[in-house]
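Chain residues, written in single-letter form:
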Amino acid sequence: MWTIAGEGIHPTDRKSETSSIPISEIKPPAKVVIPLSQHIGAPCDPLVKIGDIVKKYQKVGEAKGVVSSPVHSSVSGKVVAIGRFPHPSGNQSNSIVIESDGKDEAIDSLKEHSDYSGLDPDVLKDIILGSGIVGMGGATFPTHVKLNPPKEKKITAVILNGAECEPFLTSDDRLMVEKSREVIEGLKIFMHIMGVREGYVGIENDKPGAIEAIKKSASGTNIKVISLAKKYPQGAEKQLIKSVTGKEVPSGGLPMDVGIVVQNVGTAAAVYNAVRYGIPLVDRIVTVTGNGINRRGNFRIPVGTLLEHVIAECGGLAGEPGKIIFGGPMMGIAQYSMLVPILKGTSGILVIPKGEVAFEDFRACIRCGRCVQACPIRLLPNMYSILCEAGKPKDAEEYHILDCIECGCCTYVCPSRRPIVQQIRYIKAEMRKAKSRVA
Amino acid sequence: MAEAAEQEEKKGRLEEPTPKLILTSSPHQLSQDSIERIMWTVVLALAPASLAGLYFFGWGALYVLIVSVCSTMAAEAIYQRLSGNSMTVTDGSAAVTGLLLGLTLPPGSPWWLCVVGGFFAIIICKQLYGGLGFNPFNPALMSRVFLLIAFPLQMTKWPVPRPFFSGMDASTGATPLGNLQVARLTGKGLGKAAELNIWDAFIGNIGGSIGEVSAIALLIGAACLLYKQYISWHIPVSMIGTVMIFSGIFWVIDPSKYANPVFHLFTGGLIIGAFFMATDMVTCPVTLKGQLLFGFGCGLITVIIRMWGGYPEGVSFAIVLMNIVSPMIDRYLRPVRYGSVKKVEGRR
Numbered sequence: 001m002w003t004i005a006g007e008g009i010h011p012t013d014r015k016s017e018t019s020s021i022p023i024s025e026i027k028p029p030a031k032v033v034i035p036l037s038q039h040i041g042a043p044c045d046p047l048v049k050i051g052d053i054v055k056k057y058q059k060v061g062e063a064k065g066v067v068s069s070p071v072h073s074s075v076s077g078k079v080v081a082i083g084r085f086p087h088p089s090g091n092q093s094n095s096i097v098i099e100s101d102g103k104d105e106a107i108d109s110l111k112e113h114s115d116y117s118g119l120d121p122d123v124l125k126d127i128i129l130g131s132g133i134v135g136m137g138g139a140t141f142p143t144h145v146k147l148n149p150p151k152e153k154k155i156t157a158v159i160l161n162g163a164e165c166e167p168f169l170t171s172d173d174r175l176m177v178e179k180s181r182e183v184i185e186g187l188k189i190f191m192h193i194m195g196v197r198e199g200y201v202g203i204e205n206d207k208p209g210a211i212e213a214i215k216k217s218a219s220g221t222n223i224k225v226i227s228l229a230k231k232y233p234q235g236a237e238k239q240l241i242k243s244v245t246g247k248e249v250p251s252g253g254l255p256m257d258v259g260i261v262v263q264n265v266g267t268a269a270a271v272y273n274a275v276r277y278g279i280p281l282v283d284r285i286v287t288v289t290g291n292g293i294n295r296r297g298n299f300r301i302p303v304g305t306l307l308e309h310v311i312a313e314c315g316g317l318a319g320e321p322g323k324i325i326f327g328g329p330m331m332g333i334a335q336y337s338m339l340v341p342i343l344k345g346t347s348g349i350l351v352i353p354k355g356e357v358a359f360e361d362f363r364a365c366i367r368c369g370r371c372v373q374a375c376p377i378r379l380l381p382n383m384y385s386i387l388c389e390a391g392k393p394k395d396a397e398e399y400h401i402l403d404c405i406e407c408g409c410c411t412y413v414c415p416s417r418r419p420i421v422q423q424i425r426y427i428k429a430e431m432r433k434a435k436s437r438v439a
Numbered sequence: 440m441a442e443a444a445e446q447e448e449k450k451g452r453l454e455e456p457t458p459k460l461i462l463t464s465s466p467h468q469l470s471q472d473s474i475e476r477i478m479w480t481v482v483l484a485l486a487p488a489s490l491a492g493l494y495f496f497g498w499g500a501l502y503v504l505i506v507s508v509c510s511t512m513a514a515e516a517i518y519q520r521l522s523g524n525s526m527t528v529t530d531g532s533a534a535v536t537g538l539l540l541g542l543t544l545p546p547g548s549p550w551w552l553c554v555v556g557g558f559f560a561i562i563i564c565k566q567l568y569g570g571l572g573f574n575p576f577n578p579a580l581m582s583r584v585f586l587l588i589a590f591p592l593q594m595t596k597w598p599v600p601r602p603f604f605s606g607m608d609a610s611t612g613a614t615p616l617g618n619l620q621v622a623r624l625t626g627k628g629l630g631k632a633a634e635l636n637i638w639d640a641f642i643g644n645i646g647g648s649i650g651e652v653s654a655i656a657l658l659i660g661a662a663c664l665l666y667k668q669y670i671s672w673h674i675p676v677s678m679i680g681t682v683m684i685f686s687g688i689f690w691v692i693d694p695s696k697y698a699n700p701v702f703h704l705f706t707g708g709l710i711i712g713a714f715f716m717a718t719d720m721v722t723c724p725v726t727l728k729g730q731l732l733f734g735f736g737c738g739l740i741t742v743i744i745r746m747w748g749g750y751p752e753g754v755s756f757a758i759v760l761m762n763i764v765s766p767m768i769d770r771y772l773r774p775v776r777y778g779s780v781k782k783v784e785g786r787r
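If you read the sequences in order, they're chains P and L. Numbering follows my numbering, in which position 102 of the first sequence is assigned residue number 102; successive positions increment by one, without gaps. Take the position in the second sequence, starting the count at 1, then add 439; the result is the number in my numbering.
This is chain P alone, in the form it adopts within the complex:
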């Protein structure tokens, strides 16, 4: 079986609660809040002003800088506010608020391409940039940048990430089951752009339906569908590369250093829609789940829809909510407001009822070594935790703390409930501060 050997964890996944629920639409929101920062990199500049009438798919924020990606309106209507609004990252962010006129009128200049194979890779990259496509697995790195490695890095393969190793999430699973053709066409576009003949789709074997659908759509091509043993965090880029190809990305390096580009399956489908129909990225599939919500499921939700609207459309909260998480339980971000918008990178909304959120004081490290065995990078997380507590963050550098991918496996397994990954983030922040002081 293909998998990362000997590392990682098997958290309780609870995917079956939503994995068989087909993707459905929710009632379109009356208002969307579209942040100008929905990607890693520089935030966009607004292209509209208060009072402007916009149409669906209209570009409302222009990419600024090399690592940036434009944003588009997901509704037709009127711009009613531009300012700082709650953002799922935990801060406030410059956002454009658009009141929907309920007509969903699209712009009429959508450029269709029935056959991409004759198109120049540069043209395709421009389409992808213009469509505001970012990594939809959650990291939201602008896709066109990833498709633009330096000349000296010879790319030999593209891997589509369908691992979806986070517990609870099933949005990629449903996408692969229901839209396998779009996913495979998207992968073909990636392969065409990169000029490679090797294409892989890595899917964990708890998604037999997705594997079957993708295999069917990929038949007759040289795309290989790899069934992976279930393990968290196999969906992390470097772990997936190891599972699929056996290669290890060098420490401090990027996938392109081993000739590989990894893209999420959702990103591939978005790229297909952008190239084939000219549709920019204005909606995405989100898994809404957890014991704190009345109706669970997988929904296609316009970017900018507020959390409170989604909750209301899903039958409201079941009892008092404890935490609401954007993303999965392992790496997702707890939300502070019901008024945060769905972003391009929001793969799931997990509502945990108050009674299920446990608070426990953490205790001394008992040196059980579980974190060491769980670490997919094979680091010594116990040492970061101990050094952090001892007030010696500097010493953590010796233990290669910068290789840590913050997957949270160490914290998950710790019987002393030590907040190891938080301590790691603290040390990294301290190191950055120290560096900027020196510079």
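Don't read these hints as lab results, they were simulated from the structure. Heads up, a few of these hints could be off.
Said to hold, decoys possible - Partner residues are not named here, just some residues of chain P that face chain L (Cβ under 7 Å, in silico):
id, residue
1, H10
2, P11
3, I107
4, G319
5, P321
6, K323
7, I324
8, C365
9, C368
10, G369
11, I377
12, R378
13, T411
14, Y412
15, Q422
To be verified - From chain P, some residues computed to sit far from chain L (all C-beta separations above 12 Å):
id, residue
16, S16
17, P43
18, A334
Said to hold, decoys possible - Derived DSBU-like pairs (lysine-lysine); straight-line CA-CA distance at most 35 Å:
id, chain 1, residue 1, chain 2, residue 2
19, L, K728, P, K428
20, P, K230, L, K667
21, L, K667, P, K428
22, P, K433, L, K459
23, P, K247, L, K667
24, L, K459, P, K31
25, P, K27, L, K667
26, L, K728, P, K394
27, L, K459, P, K78
28, P, K230, L, K728
29, L, K728, P, K392
30, L, K459, P, K49
31, P, K31, P, K59
32, L, K728, P, K247
33, P, K78, P, K153
34, L, K459, P, K428
Every residue gets a Cβ at the ideal spot worked out from N, C-alpha and C, and that includes glycine.
For this one, chain P is given, so just place chain L on it according to the hints.
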């Protein structure tokens, strides 16, 4: 103006904290395992060996175990009360220490021996270092070594197993390893040790500490810990393997003088030591590679003491001695981290 007012109004609404949401960092899901669960599972895993001890040694074993567990738990509670630290006596770690200590004592040991051992283990070997997680040595073993050196008479008085609570008047005899040592020191080859019935040793019908005699009972408990992944195979396999290989080499060279590896496996504290003492998570290395080396060291020292030492048995000493080097093993034997094998071209 209207827009601005509207925005102001929205701002006000945005800051309403309704409903109150809990903000903590990921991961938002944690495993069910806790210190309590691990420690009490170890207690359960020691139950078969304890019951076997009770079966073979009767009341003399029962009260040793009870007094040992009570004294470690009492010592923990008293220390924490006096020092004003938070009470952790229910976390099971003191109970594990008490039970392990009791299991390594001779059946019928005097009550004060158990109490002295229990207090020494908890106060000197654990709490004075800072409590659970900070002790460099396995408290139960450290205490046993102390008792062995300080009270050699009481610590080597071995009752002959007399199954099923047949009274307190058990006569005393030597353990198989004791017989071997006597023969070795008097130049009589294997002597009485050659008479050992391996089956008796396997089920526990031999002289020795309460918990070390029954290999089968210990292995049942060990299987449970391995299954729950509270211990890994690395230390036991490496420790037992080392003992078997080294004793095997000498046995092949001169079987009339050296006992065979199976004898070494089933007598003394090798099995309880390898599965329950050397694997003590606080005092063994955290990395699997380190654990292999640690087990090898434990096995090697055990064989050296058994073959040439002044004590018939070396498991306790071996593990405590290897505890000393655990931190060093952790420092130098790190896992090969992901991506460290190849250098990046054009980068440094």
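Tested hints:
{"no.": "1", "hint": "H10", "result": "violated, 10 Å"}
{"no.": "2", "hint": "P11", "result": "holds, 6 Å"}
{"no.": "3", "hint": "I107", "result": "violated, 24 Å"}
{"no.": "4", "hint": "G319", "result": "violated, 10 Å"}
{"no.": "5", "hint": "P321", "result": "holds, 6 Å"}
{"no.": "6", "hint": "K323", "result": "holds, 5 Å"}
{"no.": "7", "hint": "I324", "result": "holds, 6 Å"}
{"no.": "8", "hint": "C365", "result": "holds, 5 Å"}
{"no.": "9", "hint": "C368", "result": "holds, 4 Å"}
{"no.": "10", "hint": "G369", "result": "holds, 3 Å"}
{"no.": "11", "hint": "I377", "result": "holds, 4 Å"}
{"no.": "12", "hint": "R378", "result": "holds, 4 Å"}
{"no.": "13", "hint": "T411", "result": "holds, 5 Å"}
{"no.": "14", "hint": "Y412", "result": "holds, 5 Å"}
{"no.": "15", "hint": "Q422", "result": "holds, 5 Å"}
{"no.": "16", "hint": "S16", "result": "holds, 16 Å"}
{"no.": "17", "hint": "P43", "result": "holds, 19 Å"}
{"no.": "18", "hint": "A334", "result": "violated, 5 Å"}
{"no.": "19", "hint": "L:K728 with P:K428", "result": "holds, 28 Å"}
{"no.": "20", "hint": "P:K230 with L:K667", "result": "holds, 19 Å"}
{"no.": "21", "hint": "L:K667 with P:K428", "result": "holds, 34 Å"}
{"no.": "22", "hint": "P:K433 with L:K459", "result": "holds, 32 Å"}
{"no.": "23", "hint": "P:K247 with L:K667", "result": "holds, 32 Å"}
{"no.": "24", "hint": "L:K459 with P:K31", "result": "holds, 23 Å"}
{"no.": "25", "hint": "P:K27 with L:K667", "result": "violated, 48 Å"}
{"no.": "26", "hint": "L:K728 with P:K394", "result": "holds, 26 Å"}
{"no.": "27", "hint": "L:K459 with P:K78", "result": "holds, 31 Å"}
{"no.": "28", "hint": "P:K230 with L:K728", "result": "holds, 25 Å"}
{"no.": "29", "hint": "L:K728 with P:K392", "result": "holds, 26 Å"}
{"no.": "30", "hint": "L:K459 with P:K49", "result": "holds, 33 Å"}
{"no.": "31", "hint": "P:K31 with P:K59", "result": "holds, 17 Å"}
{"no.": "32", "hint": "L:K728 with P:K247", "result": "holds, 23 Å"}
{"no.": "33", "hint": "P:K78 with P:K153", "result": "violated, 45 Å"}
{"no.": "34", "hint": "L:K459 with P:K428", "result": "holds, 30 Å"}
When each numbered hint is compared with the structure, violations occur for hints 1, 3, 4, 18, 25 and 33.
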